[in-house]
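Visitor: The residues making up each chain are set out below.
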Amino acid sequence: MKKELPVAITLILAILYVLANYFTGVAFLDTAKNLLDRWYLIVAAWAVLVGSINLTQIHGRRISGKREGWIFSVWLLICLYGMMFFGIFVAKNASHPGWTFMYNQLIAPMNATVYSTIVFYIGSAAYRAFRVRSPEASVLLVTALIMMLGRVPLGRMLLGGHPALSQMADWILNVPNSAGMRGIQIGACLGGVATALRIALGIERGHLGGTGE
Amino acid sequence: MSESVITVGNWLQAFFTIVLVSAVFKDNPLYRFAEHTYVGLYAGYGVALTYFNYIRQNVTKGLMTDGEWSLLIPIIIGVLIYTRYIKSISWLSRYTICFQLGIGSGYVLAKDFKPFFVDQVRATFLPLWGSGDWWVDVSNWVYVIGTVCSLVYFLFTIQKKGVQGKVSLVGRYTMMVAFGAAFGNTVMARVSLFLGRMQFLLGDWLHLIK
Amino acid sequence: MWEKLANIDRRWLYALMIFVIALALIKPIGLAIVPSADTQKVYDIVEQLPPGSIVWMGMEFSAGGIPELMPAILSMIRQGWKDGRDLRFVCAGMWQMAGDMAEQAFSTVKAEFPDKEYGVDWVNIGYKPGGEVLLQQYQNSIIETAQGVDFYGNDLNTLPLMKEFTSLKQAKLVAIFCTGTPGEKEYIKHVTSPNNIPLIEAAISVSIPECMPLVQAGQIKGLVAGMKGAAEYEVLVGAPGSATAGMDAQSFSHALIIVFMILGNIGYVLTKNKKQAS
Numbered sequence: 001m002k003k004e005l006p007v008a009i010t011l012i013l014a015i016l017y018v019l020a021n022y023f024t025g026v027a028f029l030d031t032a033k034n035l036l037d038r039w040y041l042i043v044a045a046w047a048v049l050v051g052s053i054n055l056t057q058i059h060g061r062r063i064s065g066k067r068e069g070w071i072f073s074v075w076l077l078i079c080l081y082g083m084m085f086f087g088i089f090v091a092k093n094a095s096h097p098g099w100t101f102m103y104n105q106l107i108a109p110m111n112a113t114v115y116s117t118i119v120f121y122i123g124s125a126a127y128r129a130f131r132v133r134s135p136e137a138s139v140l141l142v143t144a145l146i147m148m149l150g151r152v153p154l155g156r157m158l159l160g161g162h163p164a165l166s167q168m169a170d171w172i173l174n175v176p177n178s179a180g181m182r183g184i185q186i187g188a189c190l191g192g193v194a195t196a197l198r199i200a201l202g203i204e205r206g207h208l209g210g211t212g213e
Numbered sequence: 001m002s003e004s005v006i007t008v009g010n011w012l013q014a015f016f017t018i019v020l021v022s023a024v025f026k027d028n029p030l031y032r033f034a035e036h037t038y039v040g041l042y043a044g045y046g047v048a049l050t051y052f053n054y055i056r057q058n059v060t061k062g063l064m065t066d067g068e069w070s071l072l073i074p075i076i077i078g079v080l081i082y083t084r085y086i087k088s089i090s091w092l093s094r095y096t097i098c099f100q101l102g103i104g105s106g107y108v109l110a111k112d113f114k115p116f117f118v119d120q121v122r123a124t125f126l127p128l129w130g131s132g133d134w135w136v137d138v139s140n141w142v143y144v145i146g147t148v149c150s151l152v153y154f155l156f157t158i159q160k161k162g163v164q165g166k167v168s169l170v171g172r173y174t175m176m177v178a179f180g181a182a183f184g185n186t187v188m189a190r191v192s193l194f195l196g197r198m199q200f201l202l203g204d205w206l207h208l209i210k
Numbered sequence: 001m002w003e004k005l006a007n008i009d010r011r012w013l014y015a016l017m018i019f020v021i022a023l024a025l026i027k028p029i030g031l032a033i034v035p036s037a038d039t040q041k042v043y044d045i046v047e048q049l050p051p052g053s054i055v056w057m058g059m060e061f062s063a064g065g066i067p068e069l070m071p072a073i074l075s076m077i078r079q080g081w082k083d084g085r086d087l088r089f090v091c092a093g094m095w096q097m098a099g100d101m102a103e104q105a106f107s108t109v110k111a112e113f114p115d116k117e118y119g120v121d122w123v124n125i126g127y128k129p130g131g132e133v134l135l136q137q138y139q140n141s142i143i144e145t146a147q148g149v150d151f152y153g154n155d156l157n158t159l160p161l162m163k164e165f166t167s168l169k170q171a172k173l174v175a176i177f178c179t180g181t182p183g184e185k186e187y188i189k190h191v192t193s194p195n196n197i198p199l200i201e202a203a204i205s206v207s208i209p210e211c212m213p214l215v216q217a218g219q220i221k222g223l224v225a226g227m228k229g230a231a232e233y234e235v236l237v238g239a240p241g242s243a244t245a246g247m248d249a250q251s252f253s254h255a256l257i258i259v260f261m262i263l264g265n266i267g268y269v270l271t272k273n274k275k276q277a278s
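Protein chains in written order, with my numbering: chain X, 1 to 213; chain H, 1 to 210; chain R, 1 to 278.
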């Protein structure tokens, strides 16, 4: 019953939501769905500590085993619980000047910088990995070149103000790219629906593992 | 905020920006310090934000003021996820996961098909002649053929030989164009991200640009 | 020599990238920005809204999306408030930084419109957990779903705008700013498709190719594409900002990456030919 009951709950909820979507105006279905939606938001909120606990476990093991770089793990846990404590007991809302300072001067800039370093790897990949080994790779390369020039003002400047490159880039985006992406997205939608059906019917049970039983 | 606080903030920002970027040249202890600072602060920020934007209201208003004790049911379901860290009762965490997956899969089954299959297929039915503009007609042909051939490419249960093989090949090339467009746009996005940081360093910090 | 061309130390490439971008920012040429049809469409959609219309702004991005999306948000707010148009904005999001992004946007623009008042002309609900289910619940009751408080902890019941705007279905326009998932697909399936509400989006460049089928199908009525689209929007609104300033640097860094691609392939082809010859 430790697996069967949760799987049954998944199935009942999925059926309820499908019925509530297709049979509108049935009071019981609408009420149940709204109630469950409210509960979903609450469940998602109260499960917020999972990431922090995982971080604590991983870095706690590193500290107790005195593995390489363990001192950084100590610092990470100080930052984690310090920020949590500061937010919950000191700042208490987003208007607190200390909170806005931490967000505006530290968290947001570091968040942006971490993502921005990808540009260097893109440049490196363009140089090292982007090789015209096959006709398909050539098509990819030529399309990428047209995109990169057509979607910036430089493309116009190179052609003396003529919009040919940007028009080509727009056509590529609107027609062949859209066609290819549509094929991929339709396939992804069918795959997603099939996976949801497998989860609802209990055929897919990977999410039940990892608990030791 | 006062001028001195903004200046301290700008210097802190500049320090962490430069240190985080330094990793692409060589891994170094300063980078690891900055990386761990970021991960710790961001994780703590998320928890605190959820607490004072939602959880606190849930308890103070929902439970204590309004007396809606039925809210204890989802709160308990939510808290059950933490049992996965206690081996003897870790199976209880399945209830949280299955509750969320049940609703999630219900929404996919109920809501995904119409906008992302039916409407998309319907939008592929484009006029192939008689639009009045030959280029529009050609584009529509490319669109319809490209979409159909891309879909045929994903039929892995049929061997890619003969007609199916040729159609799949057209689909492959269509997708190569799509991936080329994706790569070009990815370059644009990542450059923009880095531009933002450079605009801060050269503008707000070093005052070299307005 | 050809082997060297195919094997330049990547750190030189990185240094060159930083140099080119810095130079283009410090000494811009001022390449002309011509608004595209897509951005013009977004501008026209916002322009055609009756004065006083309520626009839902979905801030579905984190700090990484600021360079490409924040200029579009600022332009939309300016367009909505200038010349007595008095559009009203309700901001919320499924992403954690949603409230902070809205705060950043409105605190930047507020100085240009001193008569605009929080709670009357705009409300920042901020982030609430729950993902796409949040969008579903916002259609029933925004105040109840948001647990009665906005991003700053104010009681939503005391805000005049929220007394009028009780459900997401009442929005005349849904304008979303996205960097990934959850994003436009969640809005389409839960909000705009079932309720026939027009949806416009500003997306980062990475997402543009996958948004195009949705644009072609009419599920997204208008799309501001990345930093270029944001720069075009700034030009249309008449308030050039960081996106416009960054386009020169964008152009030259693209040119540099193209040079890298060509150099790498020249080195590869010549090295391959040499190996085959030997």
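In short, the hints are calculated from the structure, not lab data.
There could be a bad hint or two in this list.
Claimed, not checked - Here are the simulated DSBU-like pairs of lysine-lysine, each with C-alpha atoms no more than 35 Å apart in a straight line:
{"hint": "1", "chain 1": "H", "residue 1": "Lys26", "chain 2": "X", "residue 2": "Lys66"}
{"hint": "2", "chain 1": "R", "residue 1": "Lys110", "chain 2": "H", "residue 2": "Lys114"}
{"hint": "3", "chain 1": "H", "residue 1": "Lys61", "chain 2": "X", "residue 2": "Lys92"}
{"hint": "4", "chain 1": "R", "residue 1": "Lys272", "chain 2": "H", "residue 2": "Lys166"}
{"hint": "5", "chain 1": "H", "residue 1": "Lys210", "chain 2": "R", "residue 2": "Lys110"}
{"hint": "6", "chain 1": "R", "residue 1": "Lys27", "chain 2": "H", "residue 2": "Lys26"}
{"hint": "7", "chain 1": "H", "residue 1": "Lys210", "chain 2": "R", "residue 2": "Lys27"}
{"hint": "8", "chain 1": "H", "residue 1": "Lys114", "chain 2": "R", "residue 2": "Lys272"}
{"hint": "9", "chain 1": "R", "residue 1": "Lys116", "chain 2": "X", "residue 2": "Lys92"}
{"hint": "10", "chain 1": "R", "residue 1": "Lys275", "chain 2": "H", "residue 2": "Lys114"}
{"hint": "11", "chain 1": "R", "residue 1": "Lys275", "chain 2": "X", "residue 2": "Lys92"}
{"hint": "12", "chain 1": "R", "residue 1": "Lys163", "chain 2": "X", "residue 2": "Lys92"}
{"hint": "13", "chain 1": "H", "residue 1": "Lys26", "chain 2": "R", "residue 2": "Lys275"}
Visitor: Would the pair Lys210(H) and Lys27(R) pass a check requiring their Cα atoms to be no farther apart than 35 Å?
Guide: holds, 11 Å
Visitor: Is it true that the CA of Lys110(R) sits at most 35 Å from the CA of Lys114(H)?
Guide: violated, 41 Å
Visitor: For Lys163(R) and Lys92(X), compute the direct alpha-carbon distance and say whether it is at most 35 Å.
Guide: holds, 26 Å
Visitor: Checking one constraint from the list: CA of Lys61(H) to CA of Lys92(X), max 35 Å. Satisfied?
Guide: With Cα atoms ~16 Å apart, Lys61(H) and Lys92(X) stay inside 35 Å; holds.
Visitor: Would the hint linking Lys27(R) and Lys26(H) be met if the CA-CA limit is 35 Å?
Guide: Status holds; Cα separation ~29 Å.
Visitor: For the pair supplied as a hint, Lys26(H) and Lys66(X), is the alpha-carbon distance within the 35 Å limit?
Guide: Cα-Cα ~24 Å, so holds.
Visitor: For Lys116(R) and Lys92(X), compute the direct alpha-carbon distance and say whether it is at most 35 Å.
Guide: Holds, because 27 Å separates the two Cα atoms, which is no more than 35 Å.
Visitor: Would the hint linking Lys272(R) and Lys166(H) be met if the CA-CA limit is 35 Å?
Guide: holds, 30 Å
Visitor: Given the proposed pairing of Lys275(R) with Lys114(H), does the C-alpha separation stay at or below 35 Å?
Guide: violated, 55 Å
Visitor: Mind checking the alpha carbons of Lys275(R) and Lys92(X) for me, to see if they're no more than 35 Å apart?
Guide: violated, 67 Å
Visitor: Between Lys210(H) and Lys110(R), does the CA-CA distance stay at or below 35 Å?
Guide: holds, 20 Å
Visitor: Starting from Lys26(H), check that the Cα of Lys275(R) is at most 35 Å away, please.
Guide: Answer holds: Lys26(H) to Lys275(R) is near 32 Å, not above 35 Å.
The earlier numbered hints that this structure contradicts are 2, 8, 10 and 11.
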